[in-house]
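Following the hints, complete the assembly by docking chain B onto the known chain A.
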Amino acid sequence: MIRKVRTHVNQNEPLLFELSSPGKRAWQLPELDVPAVDAAEALGAGAVRDDIEGFPEVSEVEVIRHFTRLSTWNYGIDLGLFPLGSCTMKYNPRINEAVARIEGLAWAHPYQPESLSQGAMEIIAALEKRLGEIFGMDAVTLQPAAGAHGEYTGIMLIRKYLESQGNPRKTIIVPDAAHGTNPATAIMVGYEVLNLKSNDRGMVDPAALAAAVTSDTAAMMLTNPNTVGVFEQEIVKICAILHDKGAQVYMDGANMNALVGIARPGDFGVDVMHSNLHKTFSTPHGGGGPGAGAVGVRAHLEPFLPAPRLKRANGAWTWDYDRPRSIGRVRAFYGNFGVLVRALAYIMAHGGPGLRKATLDALLNANYVRARLEKHYQIAYDAPSMHECVFSDSKQAAHGVRTGDIAKRLIDYGFHPYTVSFPLIVSGALMIEPTETEPKQELDLFCDALISIAEEIEKDPEMVKHAPHLTRTTRVDEVMAARKPIVRWKPGPAGAKAAD
Amino acid sequence: MTYPENLKYTKEHEWVSVEGDTGTVGITYHAQKELGDIVYVDLPKLGAAVEAGKSFGSVESVKAVSDIYSPVTGEIVGINSLLAEAPEKLNEDPHGAAWLVKIKLASPAELDALLSAAEYEAYIGG
Chain A
1 MIRKVRTHVN QNEPLLFELS SPGKRAWQLP ELDVPAVDAA EALGAGAVRD DIEGFPEVSE
61 VEVIRHFTRL STWNYGIDLG LFPLGSCTMK YNPRINEAVA RIEGLAWAHP YQPESLSQGA
121 MEIIAALEKR LGEIFGMDAV TLQPAAGAHG EYTGIMLIRK YLESQGNPRK TIIVPDAAHG
181 TNPATAIMVG YEVLNLKSND RGMVDPAALA AAVTSDTAAM MLTNPNTVGV FEQEIVKICA
241 ILHDKGAQVY MDGANMNALV GIARPGDFGV DVMHSNLHKT FSTPHGGGGP GAGAVGVRAH
301 LEPFLPAPRL KRANGAWTWD YDRPRSIGRV RAFYGNFGVL VRALAYIMAH GGPGLRKATL
361 DALLNANYVR ARLEKHYQIA YDAPSMHECV FSDSKQAAHG VRTGDIAKRL IDYGFHPYTV
421 SFPLIVSGAL MIEPTETEPK QELDLFCDAL ISIAEEIEKD PEMVKHAPHL TRTTRVDEVM
481 AARKPIVRWK PGPAGAKAAD
Chain B
1 MTYPENLKYT KEHEWVSVEG DTGTVGITYH AQKELGDIVY VDLPKLGAAV EAGKSFGSVE
61 SVKAVSDIYS PVTGEIVGIN SLLAEAPEKL NEDPHGAAWL VKIKLASPAE LDALLSAAEY
121 EAYIGG
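Order-wise, the sequence lines are chains A and B. The opening position of the first sequence corresponds to residue 1 in the numbering used here, with each subsequent residue numbered one higher. The opening position of the second sequence corresponds to residue 1 in the numbering used here, with each subsequent residue numbered one higher.
Here chain A stands alone, though its shape is the one from the complex:
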């Protein structure tokens, strides 16, 4: 039964180009009361053009309604559970925004002299210190602008460190469950990638790893908990295997929100890691950023961190550019400062016990969803789930219904789809990360929807295969959109077709 339904205005909306008719205006200007200037004479004929061809002409109310209607099509975290979880956008407490808008922070400029920037520098230092404590790392840089940028920075640090030891080595080991950015990062820094198969519990197999590590291995890039939401229980042994051969351990901290306040990567043997502040420390990320990919390192990597570094001198903060072993800058100025302010606000508002409780709530919510859905959907691996749970569509595939179909039917129930078909090592994956903020009522509504869909698939698989049915636009031809994309509206029949 569909319990969440739309009751607000829900109508299709043409493109602005299609609303246009000649002569409509969204503005009125008074008669000119100064001498008219001929633009071509003043600027040169080459700088003046006629009307822009096809430029839409619409009235004020049409513009207002157009964008207001479009805005109601959004599904956002402020409307309901967002099962993509922290990968895309988790709920960001409003206090973060209030703090980031404090005048002295919002209007700070990176060219201000240090004497007028002490507060901003104190914020950067305070965040570095707290993240170092949370990660169990000796030093932190806040320059990288996003998670993948953090990875790139981290692997450059490893390369520079190994070069300083006499040999940068050749290979980086990446498990087959990894985020695609991991092998891409290794290649960008000039390494070859060795793919390591996961075992039947979705984890790294220490014996297989030991067989793969050689004196050519520069590092392993490991996500923990990994992409199937499982904690790598052999992590201490894994780190020891790599260290024994002189290789480094890089932890992709994309899932750090499952560890904060419970376990510290530095304590289990990681040499360098990044954390996406938007995922774990609740900074806005919708619409593509800006992000921040803080990188934490053990002491032996500290000399190589991006310059400049903050230091105390004569009772004040100052930037230290004299870092001869540094990999150099990775970002203009000092990182995405506005994001750093929000992350620090989040950490300080929670405090240590509060951060730990947020982690436990994230784990509880994911395991509640797992427990409710386990009878209806096949869990991918029987290992305990951390902050997310991953199912396979195998039960539903027997009726010809795949994960993408289930996700589309979920839209009819008023929810945003979960992560579809990732990680790739799970056949027909459904990945669900509810995050720490979801109340039980919302989790139940979501689980009820997925259980109801599982029942629908038993009775009427064809109906689910053609979902969504209640949306403004029913199923679009994704294959055709990828094979023959129409990326520009053009007047005439082709344009009309593209807008359908």
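Simulated from the structure, these hints should not be mistaken for laboratory data. Where hints are given, some of them may not hold.
[As the list claims (entries may be wrong)] Here are the simulated lysine to aspartate or glutamate pairs, DMTMM-like style, with alpha carbons at most 25 Å apart: (1) A/K484 - B/E92; (2) A/K197 - B/E121; (3) B/K45 - A/E192; (4) B/K33 - A/E458; (5) A/K484 - B/E60; (6) A/K440 - A/E456; (7) B/K11 - A/D200; (8) A/K395 - B/E19; (9) A/K484 - B/D37.
[Stated by the list, open to error] Partner residues are not named here, just some residues of chain B that face chain A (Cβ under 7 Å, in silico): (10) D37; (11) V62; (12) K63; (13) A64; (14) L111.
We put the beta carbon where it would ideally sit given N, CA and C, even for glycine.
This is chain B only, laid out in the frame that chain A set:
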């Protein structure tokens, strides 16, 4: 689906058929079925050197981008230009018209390490 017996297969789901010193390489029926609708194929340039077990290109479906691993070592001597215009052929005829590349074999002995049709069927069935 029965897999042609004149082809040799890899565990990464490629096939190779050999005529003289040239191998024709494609992806298997099973591979295209798991990938779903294929929308783009990225192939190497003529003359490129490829190595057995190493990636030489990729196929992109609506679900994911996947590497293609070469079953053999050698030099690219032919590329299927059909796939640039019609990637859907990979879904329709993966063992025939939608071959990917032709490779001049550097060490034909590598073929012995590949799977037979029966072995491949057992592998994907298991």
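Can the restraint linking B/K33 and A/E458 be considered satisfied, given a maximum Cα separation of 25 Å? Status holds; Cα separation ~23 Å.
Given the hint that B/K45 pairs with A/E192, test it: the Cα-Cα distance must not exceed 25 Å. Status holds; Cα separation ~21 Å.
Would the pair A/K484 and B/D37 pass a check requiring their Cα atoms to be no farther apart than 25 Å? With a Cα-Cα distance of about 13 Å, the restraint between A/K484 and B/D37 holds, given a limit of 25 Å.
Decide if the proposed pair is consistent with the structure: B/K11 and A/D200, CA atoms, cutoff 25 Å inclusive. Holds - the C-alpha atoms of A/D200 and B/K11 are around 17 Å apart, at most 25 Å.
Given the hinted pair A/K440 and A/E456, is their alpha-carbon gap at most 25 Å? Judged against 25 Å, a Cα distance of about 24 Å means the pair holds.
Is A/K395 within 25 Å of B/E19, Cα to Cα? Violated, at about 43 Å.
Run the distance test for A/K197 versus B/E121: straight-line Cα separation, threshold 25 Å. 21 Å, holds
Mind checking the CB of B/V62 against every CB in chain A and telling me if the closest is under 7 Å? 5 Å, holds
Take the shortest C-beta to C-beta distance between B/K63 and chain A; is it under 7 Å? 5 Å, holds
Once the shortest beta carbon distance from B/L111 to chain A is found, is it less than 7 Å? 23 Å, violated
Restraint check for A/K484 with B/E92, where alpha carbons must lie at most 25 Å apart: 18 Å, holds
Taking the closest Cβ pair, is B/D37 under 7 Å from chain A? 4 Å, holds
The structure fails hints 8, 14 (numbered hints given earlier, in ascending order).
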